[in-house]
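Trainee: Just so you know, the protein sequences line up as chains A and B, in that order.
So the first sequence is numbered by the numbering used here: it starts at 1 and just counts up by one.
So the second sequence is numbered by the numbering used here: it starts at 107 and just counts up by one.
If you are wondering where the hints come from, they were derived from the structure by calculation, not from laboratory data.
A couple of the hints might just be wrong.
Take a look, some chain A residues computed to stay more than 10 Å from chain B by CB distance [unchecked claim]: (1) Gln-14; (2) Ala-25; (3) Arg-53; (4) Met-62; (5) Val-64; (6) Ala-71; (7) Ala-73; (8) Glu-88; (9) Ala-92; (10) Thr-93; (11) Arg-94.
Here are a few chain B residues that face chain A, going by a calculated C-beta distance under 10 Å [to be verified]: (12) Gly-459; (13) Val-462; (14) Leu-464; (15) Ala-609; (16) Ile-610; (17) Ala-660.
Because the structure is a prediction, the values reported are computed rather than measured.
Backbone N, C-alpha and C define an ideal beta-carbon position, used for all residues, glycine too.
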Amino acid sequence: MGRTVVSIVQAFHQEQESWRKFRRALTRDDRDAFDRLFEHARRHAAEASYVARPTPFEAVVMAVLLEQEKALAEIRSRLDKLEAGRLEKLEATREQKPDEDPRLAL
Amino acid sequence: MKTQGWLFDLYPAKRGMVLWWITEAGERLRLEDPFTPAFYAEGRPRDLRPLIRELEAKPSIAGLEWVKRWDLVSREQVEVLQIALADLNQYPVLPDRLFLEHPRVLFWNCGIHLAQLYCYERQLFPLAFCTIEHEDGILKRVECRDDPWALEYALPPLRIMELKGTGPAGRFSRRLSTLQVTVEGETYELCQGREVELLHAFTGLLERHDPDVLITEDGDAFVLPTLLWLAKRQGVALPLDREPVLRTPPRAGRSFFSYGRVIYMTPPFLLHGRWHIDLHNSFIYHDGELPGLLEIARVAKVPVQRQARLSTGVAITSMQMDEATRMGALIPWKKAEVEEAKTLNELLTVDKGGMVYLPPMGLHEHVAEIDFASMYPALMVAYNISPETVNCACCPRGAVPEAGYSLCERREGLVPRVLRPLLDKRLRYKALKKANEGETRRRYDLLQAALRWCLLVSFGYLGYKNARWGQIMAHESVTSLGREMLLRARTIAEAYGFRAIHAIVDSIYLQKPGLSVAELEALCREIEEATKIPIAVEGIYRWIVFCPSRETPALTVPNRFYGVFQHGEQKVRGLELRRHDTAPRIATAQQEMLDCLARAESAAEFMARVPEALEILRRHVEAIRGGRVPLEDLVITRTLSKEPMQYVREDAGAIAAKTLARAGVELHPGQQIDYLILDRKAKVKGDRARPAVLLTGDESYDTKTYEELLVRAAETLLGPVGWPAGRLQSWLATP
Numbered sequence: 001m002g003r004t005v006v007s008i009v010q011a012f013h014q015e016q017e018s019w020r021k022f023r024r025a026l027t028r029d030d031r032d033a034f035d036r037l038f039e040h041a042r043r044h045a046a047e048a049s050y051v052a053r054p055t056p057f058e059a060v061v062m063a064v065l066l067e068q069e070k071a072l073a074e075i076r077s078r079l080d081k082l083e084a085g086r087l088e089k090l091e092a093t094r095e096q097k098p099d100e101d102p103r104l105a106l
Numbered sequence: 107m108k109t110q111g112w113l114f115d116l117y118p119a120k121r122g123m124v125l126w127w128i129t130e131a132g133e134r135l136r137l138e139d140p141f142t143p144a145f146y147a148e149g150r151p152r153d154l155r156p157l158i159r160e161l162e163a164k165p166s167i168a169g170l171e172w173v174k175r176w177d178l179v180s181r182e183q184v185e186v187l188q189i190a191l192a193d194l195n196q197y198p199v200l201p202d203r204l205f206l207e208h209p210r211v212l213f214w215n216c217g218i219h220l221a222q223l224y225c226y227e228r229q230l231f232p233l234a235f236c237t238i239e240h241e242d243g244i245l246k247r248v249e250c251r252d253d254p255w256a257l258e259y260a261l262p263p264l265r266i267m268e269l270k271g272t273g274p275a276g277r278f279s280r281r282l283s284t285l286q287v288t289v290e291g292e293t294y295e296l297c298q299g300r301e302v303e304l305l306h307a308f309t310g311l312l313e314r315h316d317p318d319v320l321i322t323e324d325g326d327a328f329v330l331p332t333l334l335w336l337a338k339r340q341g342v343a344l345p346l347d348r349e350p351v352l353r354t355p356p357r358a359g360r361s362f363f364s365y366g367r368v369i370y371m372t373p374p375f376l377l378h379g380r381w382h383i384d385l386h387n388s389f390i391y392h393d394g395e396l397p398g399l400l401e402i403a404r405v406a407k408v409p410v411q412r413q414a415r416l417s418t419g420v421a422i423t424s425m426q427m428d429e430a431t432r433m434g435a436l437i438p439w440k441k442a443e444v445e446e447a448k449t450l451n452e453l454l455t456v457d458k459g460g461m462v463y464l465p466p467m468g469l470h471e472h473v474a475e476i477d478f479a480s481m482y483p484a485l486m487v488a489y490n491i492s493p494e495t496v497n498c499a500c501c502p503r504g505a506v507p508e509a510g511y512s513l514c515e516r517r518e519g520l521v522p523r524v525l526r527p528l529l530d531k532r533l534r535y536k537a538l539k540k541a542n543e544g545e546t547r548r549r550y551d552l553l554q555a556a557l558r559w560c561l562l563v564s565f566g567y568l569g570y571k572n573a574r575w576g577q578i579m580a581h582e583s584v585t586s587l588g589r590e591m592l593l594r595a596r597t598i599a600e601a602y603g604f605r606a607i608h609a610i611v612d613s614i615y616l617q618k619p620g621l622s623v624a625e626l627e628a629l630c631r632e633i634e635e636a637t638k639i640p641i642a643v644e645g646i647y648r649w650i651v652f653c654p655s656r657e658t659p660a661l662t663v664p665n666r667f668y669g670v671f672q673h674g675e676q677k678v679r680g681l682e683l684r685r686h687d688t689a690p691r692i693a694t695a696q697q698e699m700l701d702c703l704a705r706a707e708s709a710a711e712f713m714a715r716v717p718e719a720l721e722i723l724r725r726h727v728e729a730i731r732g733g734r735v736p737l738e739d740l741v742i743t744r745t746l747s748k749e750p751m752q753y754v755r756e757d758a759g760a761i762a763a764k765t766l767a768r769a770g771v772e773l774h775p776g777q778q779i780d781y782l783i784l785d786r787k788a789k790v791k792g793d794r795a796r797p798a799v800l801l802t803g804d805e806s807y808d809t810k811t812y813e814e815l816l817v818r819a820a821e822t823l824l825g826p827v828g829w830p831a832g833r834l835q836s837w838l839a840t841p
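My request is simple: use the sequences and hints to build the entire structure.
Mentor: Right, here's the structure in full:
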């Protein structure tokens, strides 16, 4: 069965190819980060194929935003937990030895 | 003479059909039935006039007549010229010529296999049980007392002869060194002391047992042509057929590209009044064995030998032509051969418009899988999708979600009419399979599996431009509704508190701690309500592992995973052990590791079993390093994608193919070769790999390469749980 429209995975691939010079000009570290952006897009190929917008780049950007939003939310919640944990610890130390503080004893 | 029996075989002669019957008394009866096949021409009077003048002068024409027939697409009755043929040999060739000379005339009902056309017209089918009256070898009356849709039916007792031949250079030679004949429980080893003796011994067995079926391994390409060769050379008659026929030398096979694979087709060696089934050249026989093949031949009205060699796409097309004949509708004529669509790919993974997600990497538990049963055919039936029902003039638009096409609500289309009984029959066989044990259970399983193949290809034929009733909008409607139903199902599952961790076309993987079968069943009933198509619980996994992509290890692929259901059955997709091009030893090692992991009841137990699986890997690696593995366990199979000499990049497979070609073996794309990797870095290319047929047994294999392949297979299993190749190698390096 022939296809008239290229598959979304091919479309993403072509999009990535069209950024080849941009990628080449990046440093090695940045290049790895750049490649990860397109991995985000491929992670959402099913959704991109379903919405079928004529400009694949839109789907790439949407997928990247989505993955970054998820990563941010994850980091935020871990940070919250971490901070909550530190506060608790701080509280605990204050409760344990309030009287031993030499300054308070004065 | 009046008798009862089964229609065994049928093929055209000049003036009618030859029918072979097996009577209740066990007689093999040859009868002829006069038959005048017809095709139709449609056009403006001034275009038809010269055609009529030309045809009236032809002696091969039995009659011309104006008749009314339905055009399925326009849904109107049209007046067409019926051209009946007195000479059956003209039917396959005359329309081709007329088409060239009368380009403004539209021809219908051409290019149909004559045995099938005969079956549609007479409402007979292969292996139908009938009452017949005959006189002087001519069929006078036939009354069919059988129904192709019957679940249980009697079959004639068939005499089966199995043939296995070996040649001095395997299947590539034109000589036979031994011939093993198994018939009625006895096995005879015929060795070729002298060709004549082997031939006489074989014809003796053939005449004594008079088998109905010859089952061979590689009979199309090797055993039967070679026997024929020997007989010609020795001037001995070889009664392979039940009636004498003139045999032309076998044609060369052909290679073609289909669904991402190159396929080589050997020309069939068909017999008259007797079936020849080649196990190497039969797609259906592999999956459904004899019961499955006969079931398809019956429901599709395709002669057994023909169906054995063709895909189930032929069966689906045949059922559509039969239904159209019954409806009094015209059958469109497409010039390309239908078999191009063979092996409509087993899985719709690549995309084809279905929803294909990427699963989350690694090990998961509390996962269940629910699947829509035969999703696409079920949609075609439930929503009346057929070339002539899409965008009909009579119904409101918008029935198809994304495209907005209409689907006729007033008249059932041809495709659903064909698929409805097929779906129904398969479901009944599945239920019978579940209700039975042992041999009976196996038989029902073979029957349902054969029908499954017919259903599977029905979708591909809807969008295939060379199919008689292919239409892209109908095809789009199916995938569009498929996406819609998958999303509906997933939304309902999420409302039930499940996490949908993966979905692919017609399967959904759901996760929830403490999930139960009862809860899943309730979910399925609600989904069926919302989608109008059946969905069932495939099973609950103890655990499941989704594996990474080879090219992009950060991502998974939709269809590479392994898991174990609660009742202990494994489900594996895309692993090396399932691939044809994996050496047996590598597959064994992977399977052993998998079996070890499969005993784990939970994710935690799985991780606890990893060290044991690693020890299995070490054992196999050490065997390979020590050179102790038998060569045949390391042979790799490759399907050629080009002519041997066209390979530019010379990897081991290409080198082996070239060696064979230089040795005089005729190889074509789509054919398979077996080879061993001897030394990947050898200076002389021919020393790097060797074809299996040329191995002497003294060779040594490339331990490094095979170790790499082994580690890679282990990585597929354990990479997702923290053991990538690098870690495996350093673990192997420390004793």
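Trainee: Now tell me if each hint is right for this structure.
Mentor: Status of the hints after comparison with the structure:
1. Gln-14: 15 Å, holds
2. Ala-25: Label holds. Min Cβ-Cβ 22 Å, cutoff 10 Å.
3. Arg-53: 13 Å, holds
4. Met-62: 16 Å, holds
5. Val-64: About 14 Å separates Val-64 (chain A) from the closest Cβ of chain B, which puts it past 10 Å; holds.
6. Ala-71: Correct as stated: the minimum Cβ-Cβ distance to chain B is 14 Å, above 10 Å.
7. Ala-73: 16 Å, holds
8. Glu-88: Since the minimum Cβ distance to chain B is about 28 Å, Glu-88 (chain A) lies beyond 10 Å and the statement holds.
9. Ala-92: Consistent with the label, Ala-92 (chain A) stays out of reach of chain B, its closest Cβ about 32 Å off (over 10 Å).
10. Thr-93: 36 Å, holds
11. Arg-94: 39 Å, holds
12. Gly-459: Holds. Min distance 8 Å.
13. Val-462: Check passed: Cβ of Val-462 (chain B) comes within 6 Å of chain A, closer than 10 Å.
14. Leu-464: Holds - the Cβ of Leu-464 (chain B) comes within 10 Å of chain A, reaching about 6 Å at its closest.
15. Ala-609: At 8 Å from the nearest chain A Cβ, Ala-609 (chain B) passes the 10 Å test, so the hint holds.
16. Ile-610: With a closest approach of 9 Å, the Ile-610 (chain B) hint holds.
17. Ala-660: 5 Å, holds
Checked against the numbered hints given earlier, this structure breaks none of them.
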